[in-house]
Amino acid sequence: MLMHKGRPPWVSLWFIGDAIVALAPPLHWAVDGAIHPILGIPAVVFYFIVVGTIISASIMAAYRAEASSGTLER
Amino acid sequence: MIITFGLLSTFFALVVGILQWSGIRDRTFADYAVANRSFDARFQAMSFLNTWYPGAIFTAFGGMAASVGVTSLYLLSYSLLTVVLMYLMARPVWIWGKAFALNTQPDLMALRYNSRDVGTLSAVLGIVSGIPWLVLGMQALGTLFQYLSLGTLSFSNSVIAGVGVITIRQIWTVRMGMRGVVISDMVQGIAAYVGGTIILFGLISWMVLAKGITFQSLDARMFAIPGVGSKEGPLYLFSLILTGAIGGWCWPVIFVRLFTADSVRSLKKSAALAVPLSFTFAGALLVFGMLGSKVAGVPSHPDDVFFIVSQEAGGLWLLGLAGIVVLAASMGNIDGHIQATGAQIANDVVGQNLRLDQAQLIVMAKSGMLGVTLLSAWLACLELPALFSIAILAYQGIVQLAVPMFFGVFWKRGNKQGAMAGMIVGFALAVYLELIFPGYLPWAFGLTSGVVALIVNLVIYVAAAFLWPHSRDEQMRVDALFALANGEPLLPVAEKTARKPA
Numbered sequence: 001m002l003m004h005k006g007r008p009p010w011v012s013l014w015f016i017g018d019a020i021v022a023l024a025p026p027l028h029w030a031v032d033g034a035i036h037p038i039l040g041i042p043a044v045v046f047y048f049i050v051v052g053t054i055i056s057a058s059i060m061a062a063y064r065a066e067a068s069s070g071t072l073e074r
Numbered sequence: 001m002i003i004t005f006g007l008l009s010t011f012f013a014l015v016v017g018i019l020q021w022s023g024i025r026d027r028t029f030a031d032y033a034v035a036n037r038s039f040d041a042r043f044q045a046m047s048f049l050n051t052w053y054p055g056a057i058f059t060a061f062g063g064m065a066a067s068v069g070v071t072s073l074y075l076l077s078y079s080l081l082t083v084v085l086m087y088l089m090a091r092p093v094w095i096w097g098k099a100f101a102l103n104t105q106p107d108l109m110a111l112r113y114n115s116r117d118v119g120t121l122s123a124v125l126g127i128v129s130g131i132p133w134l135v136l137g138m139q140a141l142g143t144l145f146q147y148l149s150l151g152t153l154s155f156s157n158s159v160i161a162g163v164g165v166i167t168i169r170q171i172w173t174v175r176m177g178m179r180g181v182v183i184s185d186m187v188q189g190i191a192a193y194v195g196g197t198i199i200l201f202g203l204i205s206w207m208v209l210a211k212g213i214t215f216q217s218l219d220a221r222m223f224a225i226p227g228v229g230s231k232e233g234p235l236y237l238f239s240l241i242l243t244g245a246i247g248g249w250c251w252p253v254i255f256v257r258l259f260t261a262d263s264v265r266s267l268k269k270s271a272a273l274a275v276p277l278s279f280t281f282a283g284a285l286l287v288f289g290m291l292g293s294k295v296a297g298v299p300s301h302p303d304d305v306f307f308i309v310s311q312e313a314g315g316l317w318l319l320g321l322a323g324i325v326v327l328a329a330s331m332g333n334i335d336g337h338i339q340a341t342g343a344q345i346a347n348d349v350v351g352q353n354l355r356l357d358q359a360q361l362i363v364m365a366k367s368g369m370l371g372v373t374l375l376s377a378w379l380a381c382l383e384l385p386a387l388f389s390i391a392i393l394a395y396q397g398i399v400q401l402a403v404p405m406f407f408g409v410f411w412k413r414g415n416k417q418g419a420m421a422g423m424i425v426g427f428a429l430a431v432y433l434e435l436i437f438p439g440y441l442p443w444a445f446g447l448t449s450g451v452v453a454l455i456v457n458l459v460i461y462v463a464a465a466f467l468w469p470h471s472r473d474e475q476m477r478v479d480a481l482f483a484l485a486n487g488e489p490l491l492p493v494a495e496k497t498a499r500k501p502a
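Line order of the protein sequences matches chains A and B.
Residue 4 in the numbering used here is what sits at position 4 of the first sequence, and the numbering runs on without skipping anything.
Residue 72 in the numbering used here is what sits at position 72 of the second sequence, and the numbering runs on without skipping anything.
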């Protein structure tokens, strides 16, 4: 299996977490029809926004980590 | 009509003017197919977005958000997950592309599996599957043109007008190849996703502040997603997100973005630049669509939500600007699609059977692009009631490239037998299941035909990997490829064994 040596392990774990929070059916079932507000937003909409935030943050953090460690040049 | 079409014409002239001014001349096929791997992260990010989000996103997903509500937000999940995949693939794919002068997705498949047949098969699947979507993209312009004509044009005349405009636009795509596509993607992307996001936030504010529409105004059914007990089945949403995320990279037009960057750094930086814009744009579009469902006229024409709300909020000028946004997004997707298809016809279909020099390859690519443009334009002007169903069939089929592609990039054991058999069986099974059970499979808890076929495809691929282990030479070749992707120098002996298949 190809695993790039320069990528910090926490980045790989975060990417796995991205897939779980976006894809896991039990999470979809849990928020189905949930309209109670969280920060003023219906819970089911809030779920998708949180998923989007987690994934977006993971990519930006991964790039920052790899760029600052110099592994992108290798 | 003068205002709306005047704005559209001005933008069209701006894009064409920039392309003319750039004065691109391609000397080699690598120039024409992948712009000689020369673009930085900003161009890469915008080019990815301009290909990923076609103009039809405003009608299809805007309309879906307005009619069924929160389920449409799956677009957000899969569009962001696909950037994670881009980040992961960036290094091996770009390095192999640079080292072995790969110009297309089938080039990479042929290299990895040491088999031109695998490359040609994936090229044919990509080209055939792409045509219905190209036709749909052209037809979507009909909706735009009809709305901007303020009802003056009939739908069939609007389609003809839209197809005419996008066909004229292809003159510059054919002439300038990938460099022209990426440069125009920057202009079109700024209009579509920066301008579009600003307009969407403005319209959301208008609906909340001027019309008093909030999430509390919406019906409870707008917050339901297919779950346990739904008619689709509990795994339906999972299937949509999975096939959306991995399927994106099966399209040649998306995949070739990995070859146009000037470095791995640019590619990864482009992912970091694209993802916040993608999140903001798609999130704004879907929230806008949901709230827009309460605007008069939208419930009966949900696909027109962007145009209806724009016109009501800002009159013809805002409607014209909305038209620019949709046209810009449409041009980016259609141009890229035609360019990638032409390059594959030359490189992976004709080029495999005839020995062509650089100039002949470019001529063949241009001829292929011209042929695809004319064929799609002709089909778009016909009444094809089954077109959308065929496009869905094609999507479930092309997703089958995901197994040999992703496993080929990340797993050394996969072989050409598994890649070929998996793709053929997966494609045929996906098409068969989609024909029998369109949409989802009730007996598979809502899994789609594409996902069920992917599982079979994967079983075949893995089984073949263990049944027919690599020969010693092939193992050395694959080891050398993976070592190269990991930053280790390619030794002369490995360079010889890891070469592109003849």
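A few of these clues could be false.
Unchecked claim - Cβ pair distances, simulated, as ranges:
1) A:10 / B:386: 47 to 53 angstroms
2) A:37 / B:27: 36 to 42 angstroms
3) B:101 / A:69: 25 to 31 angstroms
4) A:37 / B:128: 43 to 49 angstroms
5) B:483 / A:13: 23 to 29 angstroms
6) A:69 / B:474: 33 to 39 angstroms
7) B:40 / A:37: 39 to 45 angstroms
8) A:67 / B:28: 28 to 34 angstroms
9) B:442 / A:27: 30 to 36 angstroms
Unchecked claim - Some chain B residues close to chain A (C-beta under 8 angstroms, calculated; not the full set):
10) 73
11) 84
12) 89
13) 155
14) 168
15) 206
16) 220
17) 227
18) 234
19) 237
20) 242
21) 265
22) 272
23) 279
24) 406
Rather than coming from a laboratory, the hints here were simulated on the basis of the structure.
Backbone N, C-alpha and C fix where the C-beta goes; we use that ideal spot for every residue, glycine too.
* **Restraint outcome when residue 234 of chain B is required to lie within 8 angstroms of chain A by C-beta distance** => 6 angstroms, holds
* Asked: Would the hint on residue 242 of chain B stand, with a C-beta cut-off of 8 angstroms toward chain A?
  -> 6 angstroms, holds
* **Hint check, residue 272 of chain B versus chain A [nearest Cβ-Cβ separation less than 8 angstroms]** => 4 angstroms, holds
* To do: Please verify that hint: residue 73 of chain B, Cβ, nearest Cβ of chain A, below 8 angstroms or not.
  => Because about 4 angstroms separates residue 73 of chain B from the closest Cβ in chain A, which is inside the 8 angstroms limit, the hint holds.
* To do: Given the hint of 39 to 45 angstroms, check if residue 40 of chain B and residue 37 of chain A actually sit that far apart at their C-beta atoms.
  => For residue 37 of chain A against residue 40 of chain B, whose Cβ atoms are near 43 angstroms apart, the range 39 to 45 angstroms holds.
* To do: Go ahead and decide if the range 47 to 53 angstroms is satisfied by the Cβ distance of residue 10 of chain A to residue 386 of chain B.
  => 49 angstroms, holds
* residue 483 of chain B paired with residue 13 of chain A, Cβ distance criterion 23 to 29 angstroms -> 25 angstroms, holds
* residue 227 of chain B as chain A interface residue, shortest Cβ-Cβ below 8 angstroms -> Cβ of residue 227 of chain B sits 4 angstroms from chain A, so the hint holds.
* Cβ distance range 33 to 39 angstroms for residue 69 of chain A and residue 474 of chain B, holds or violated -> 34 angstroms, holds
* Taking the least C-beta to C-beta distance, is residue 89 of chain B closer than 8 angstroms to chain A? -> 10 angstroms, violated
* Asked: CB of residue 37 of chain A to CB of residue 27 of chain B, is that within 36 to 42 angstroms?
  -> 60 angstroms, violated
* To do: Using the beta carbons of residue 37 of chain A and residue 128 of chain B, state whether their distance is inside 43 to 49 angstroms or not.
  => 48 angstroms, holds
Consistency note: the structure conflicts with the earlier hints numbered 2, 9, 12, 13, 14, 15 and 24.
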